[in-house]
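Here the protein sequences come in this chain order: A, B and C. Under our numbering, read the first sequence as residues 5 to 355, first letter to last. Under our numbering, read the second sequence as residues 2 to 172, first letter to last. Under our numbering, read the third sequence as residues 1054 to 1237, first letter to last.
Quick caveat, the hints were computed from the structure, so don't treat them as lab data. These numbers were taken from a predicted model, which means no experiment stands behind them. Incorrect hints may appear among the rest.
Looking from chain B toward chain A, a few residues come up when the C-beta cut is under 10 Å (computed) [what the hints assert, rightly or not]:
#1 57
#2 69
#3 148
Glycine is no exception: its CB is placed at the ideal position from the N, C-alpha and C atoms.
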Amino acid sequence: MEMLAIDLSLGLEKLLLIGGIISFSLLVAMYTTYGERKIAAWMQDRRGPNRAGPFGLLQPAADGLKLFFKEEIIPLTSNRMLFVLGPALAMITAMLTSAVIPWGPTIEVFGRQVSLQIADVNIGILYIFGVVSMGVYGIMIGGWASNNKFSLMAAVRGASQIISYELAMGLSLIALLMLTGTLSLKSIVAQQMTGGWNIIYQPLGFLIFLICVFAECNRTPFDLPEAENELNFGYHQEYSSMKLGLYLFAEYVNMFISSAVVATLFFGGYDIPFVDEAALAANIGVNATAALGFAALFSKILFFLFLFIWVRWTIPRFRYDQLMDLGWKKLIPLALANMLITAVVVLWLNK
Amino acid sequence: MHITEILFWILTALALFSALMVVSSDNPVHSVLWLILVFMAITGHYILMNAQFLAIVNMIVYAGAIMVLFLFVIMFMNLNKDSEPQKSVWLRLAAVVSGGSLLLILVAALKDNGGYINSMKGEGSIGLIKNLGNTLFTEYVVPFEISSILFLSAMVGAVVLGKKESSTPAA
Amino acid sequence: MATLTNRAKVLEQKPMSFMERLYLPAILKGMGITLKHMFQKKATIHYPEEKRPFSPVFRGLHVLNRDEEGRENCTACGLCAVACPAEAITMEAAERLPNEEHLYREEKYAAKYEINMLRCIFCGLCEEACPKDAIYLSETFAPSNFTRKGFIYSKDELLIPNPVTNKESFEAAKGQREQQLKNK
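Whenever a hint applies, use it, and build me the whole structure from the sequences.
Encoded structure:
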């Protein structure tokens, strides 16, 4: 039972790390909204927000303040407690995933080895799955508690979509796990540092995983739960003020964390491409290498965030039957085939 | 008190309270949500037992997937007080008797099994994914495969049931 | 079904080929197009900082003109009101008093001159009708207002600033249009 006995300085270190990561992901999510609007504008030959601050950089703060100062409306016929619980759950589950992502190699602070990962649990990937599967409830509870047919429909759509795509996502990851032989994200990154990124070995698995991540984040082309032109606004139709803000914001936090997961699993995490980290650490010190590693991870994340936005402003939404067709009839068999082929290859190589 | 013990008691209280709320809630949707909380508490217990794989699978499968399907059905049925069927006194009596006997059996089974419970506390590493996988695929490989066949047949059955019957003969 | 014309094109719907059914090439192509657009020239003009040049025939808000000595040109003949297709102009005439010669150019002047900017269609017929070069359309837009009353412009809003006492704003109100026309 000693494993849970918490050393005080360790606790402090973890608390600081948690605070740092949460505020960092909120900041990134804020500026992703700005990036989304800017990139959308550029792709449509417009200029995007440019009035609040230089280049419109204060726009996310203005948006956030606007949401805070709006009137909170709780519909009379709604279920009050669940109505409030919905957005809170959405936000909490969005943030929880960040716990198992290694944000960088170990650094040294005052002679202590500090890991830039909140919790290195040996079931890291499964933990992510568990939290993601909890994410459905934010949508479902909010949609149902609104007591509105459109919201309910959106909630059910969202839940069925997320459950369906979770299967293909898991199957595509199993192939990856056969190669790595571990579920801990930290060791997966360590393996990629020496043996090359997983995207080389699992291109199909990556593609399936990426598509499923889009579906899990409810991003276009899979944004059926909030399809504006079909369901008015989807599950957050009855929400106003910051509760709506939390729902919208959770989507961006989700995007950020998912990008981090994709970068960690398939693109080497904090691995700096074509650089030997151990030699670098000997030259410029451990902490500088860690900073560079984090920068590498962050640039990978930024690329995926850009991809999210890029796809959103290019591809139109799927119809519901097309969505289910893609999920069940295409992605799952593909992922199964990928899994089998990988298993055969792994066995053959190990023989 | 040790921190694990504090966590244990908090989780136990949460699990029991939520379980009671599952039974006593008027609204079936609330019942399901309380049930999710029960599963969460049980997940916490698994983690305390160092059975991380079981914990997370419990969360993914039960709390994450099965309960969502439950919610699906219940949300669409729009159950309320008016549609609640009146149960007869005999039915209630039968329920009390069967529930009571289940409790009796559980108490009798667990009454003097201190050693067994102790073995579940902590240090055991059987719940870790590596050991669990090794055990499943060596000692219990036959039951494991049989249960997978069971799942396969269930899947086929679901597809057969779900398939649309062509009402008109193909022209 | 018989076709009405022989121009109807029969669209052949072939089943999609394997590459088409993959969708990914098409998606990548679309993403290439959106990426290309990101770096293209934007069509937007930053309005308050950057203004589009007016065409020489632009017709904005009306201005009641003065001559070089700052006397009003208008004689309240009413030709503009007659010419106005939207019936936006009303006026009342008055006789110039002996000590008012520095104010009005002719013996008769408009005591009241109102244009309803909500009715006005900015056709410029009043400008063409005016024999005294007293009214013309300037280069300013009609600004917004909170009430309907605010859109009925009276004489003091329409009159151009006095060129003797306030030369700069007179020039500004005249705008660059006359200059451009003269240059041509």
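Do the hints match the structure? See the list:
With a least beta-carbon distance of about 4 Å to chain A, the hint placing residue 57 of chain B at the interface is held under the 10 Å criterion. This hint holds: residue 69 of chain B has a C-beta 5 Å from the nearest C-beta of chain A, less than the 10 Å allowed. Interface hint status for residue 148 of chain B: violated, as the beta-carbon distance to the closest one in chain A is roughly 18 Å, over 10 Å.
Hint 3 alone, counting from the list given before, is not met by this structure.
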